[in-house]
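Asks: Now for the letters of each chain:
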Amino acid sequence: MRTGANELKTIGMISDRVRWDEKALIQAAKKKGVKLVVIDGKSIFLEATGDFDNIPEADIYLQRMVSTFKGLYVTKILESKGYPVVNSYAVSSVCADKLLTTLALRKAGIPCPRTFVAFDIAAALNTLDELRYPAVIKPVFGSWGRLVAPLKDPQSAKAILESRESMGALYQIYYIQELVEKVSNRDIRSFIIGDKVVTAIYRIAGQGEWRTNTALGGRAEVCPVTPEIEEISLKAAKAIGEGVFGVDILETEKGMLVNEVNHTMEYHTTVPLTGVDIPSMIIDYCLEIVK
Amino acid sequence: MVKCKCPECGAELDLEDPVIREIVECPDCGSELEVVSIENDKVELKVAELEGEDWGE
Numbered sequence: 001m002r003t004g005a006n007e008l009k010t011i012g013m014i015s016d017r018v019r020w021d022e023k024a025l026i027q028a029a030k031k032k033g034v035k036l037v038v039i040d041g042k043s044i045f046l047e048a049t050g051d052f053d054n055i056p057e058a059d060i061y062l063q064r065m066v067s068t069f070k071g072l073y074v075t076k077i078l079e080s081k082g083y084p085v086v087n088s089y090a091v092s093s094v095c096a097d098k099l100l101t102t103l104a105l106r107k108a109g110i111p112c113p114r115t116f117v118a119f120d121i122a123a124a125l126n127t128l129d130e131l132r133y134p135a136v137i138k139p140v141f142g143s144w145g146r147l148v149a150p151l152k153d154p155q156s157a158k159a160i161l162e163s164r165e166s167m168g169a170l171y172q173i174y175y176i177q178e179l180v181e182k183v184s185n186r187d188i189r190s191f192i193i194g195d196k197v198v199t200a201i202y203r204i205a206g207q208g209e210w211r212t213n214t215a216l217g218g219r220a221e222v223c224p225v226t227p228e229i230e231e232i233s234l235k236a237a238k239a240i241g242e243g244v245f246g247v248d249i250l251e252t253e254k255g256m257l258v259n260e261v262n263h264t265m266e267y268h269t270t271v272p273l274t275g276v277d278i279p280s281m282i283i284d285y286c287l288e289i290v291k
Numbered sequence: 292m293v294k295c296k297c298p299e300c301g302a303e304l305d306l307e308d309p310v311i312r313e314i315v316e317c318p319d320c321g322s323e324l325e326v327v328s329i330e331n332d333k334v335e336l337k338v339a340e341l342e343g344e345d346w347g348e
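Sequence lines, in order, name chains F and S.
Each residue of the first sequence is one higher than the one before, starting from 1 at the first, in our numbering.
Each residue of the second sequence is one higher than the one before, starting from 292 at the first, in our numbering.
Possibly wrong hints are sitting among the right ones.
Distance condition first, Cα-Cα at most 16 Å in a straight line; then the derived EDC-like pairs of lysine to aspartate or glutamate [claimed, not checked]: (1) F:Lys9 with F:Asp284; (2) S:Lys337 with S:Glu325; (3) F:Lys76 with F:Asp53; (4) S:Lys333 with S:Glu307; (5) F:Lys196 with F:Asp277; (6) F:Lys9 with F:Glu288; (7) S:Lys294 with S:Glu325; (8) F:Lys42 with S:Glu325; (9) F:Lys30 with F:Asp277; (10) F:Lys70 with S:Glu344; (11) F:Lys70 with S:Glu342; (12) F:Lys31 with S:Asp308; (13) F:Lys235 with F:Asp195; (14) F:Lys196 with F:Glu228; (15) F:Lys42 with S:Glu340; (16) F:Lys70 with S:Glu348; (17) F:Lys30 with S:Glu307; (18) F:Lys81 with F:Glu57; (19) F:Lys42 with S:Asp345; (20) F:Lys70 with S:Asp345; (21) F:Lys30 with S:Asp308; (22) F:Lys42 with S:Glu342.
Bear in mind the hints are in silico, worked out from the structure with no lab data behind them.
All values derive from a computational prediction rather than experimental measurement.
Extracted from the complex, chain F is given alone in its bound form:
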């Protein structure tokens, strides 16, 4: 039974790994006296045709699965049963797919790196003649810079594209972007909760690495949220929908470009660095939805 409007609300946090980020959510809820149930996303089953489920009851679910596809399906099923989920399926499914994100950003008129998609090696090489070298290939699904590769010339591009042929159907969706000339060896990650940019960091590429992902050894510094960062971050979030987002922004001489919008953002680097209590804000945001 779901609780009534004025009773204490329960947040069901669905996770497959309890990392620093999820533990911080547990601690934030505890500190606030909010009931947060930690749900093992790997041991749940859900009836798609009815309501025979083993998922603990909650007023709202917070999706923190590190496995993108499993997370998306759990979210979709819960929503089909009438439960609110942060982030929603509509939002998560767009963020999870880099091509859908690019299309949503383009529709909203938000500047982003020039991007092509091709489904065949010859066609991909043809797009590179238009886009020019060096370029970047990214899997449409995936994170942390995994399998993001520079395409420096036709020979290396062909070799990398051929290597993707043995990696499964999704890796043969060739999502190819211009290699953006940035003003420095860093990019910006801004954090959006609802309609607010709560903080931002610079991510600086590690030694010998061109990708700035902290998962690849990139380091972080505090980034002041300027009006320009605030505006482009909120526009990017709005282009996707309502929710909790990590927006990746590139600084170029012509202005800022939005590179990615993340729907299960991590903040284990950001919280200790900035002192901004993102987990607590996420808990408040969930409660606000079911108020």
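With chain F fixed as given, assemble chain S onto it according to the hints.
Replies: Okay, now just chain S, sitting in the frame of chain F:
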């Protein structure tokens, strides 16, 4: 603090308020470990699952 052993190298770890499925790093060998059970202040760890291809944020 709860004491437990790294299943990979045998080093002793001190965990603060451990949670089931929590991911911790062994300070000695750097292995990524997962809390699999907590019973009467006895914590059991296993080497965490390798990164999946659709893992991410």
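Asks: Output the numbers, in ascending order, of every earlier hint that fails for this structure.
Replies: none
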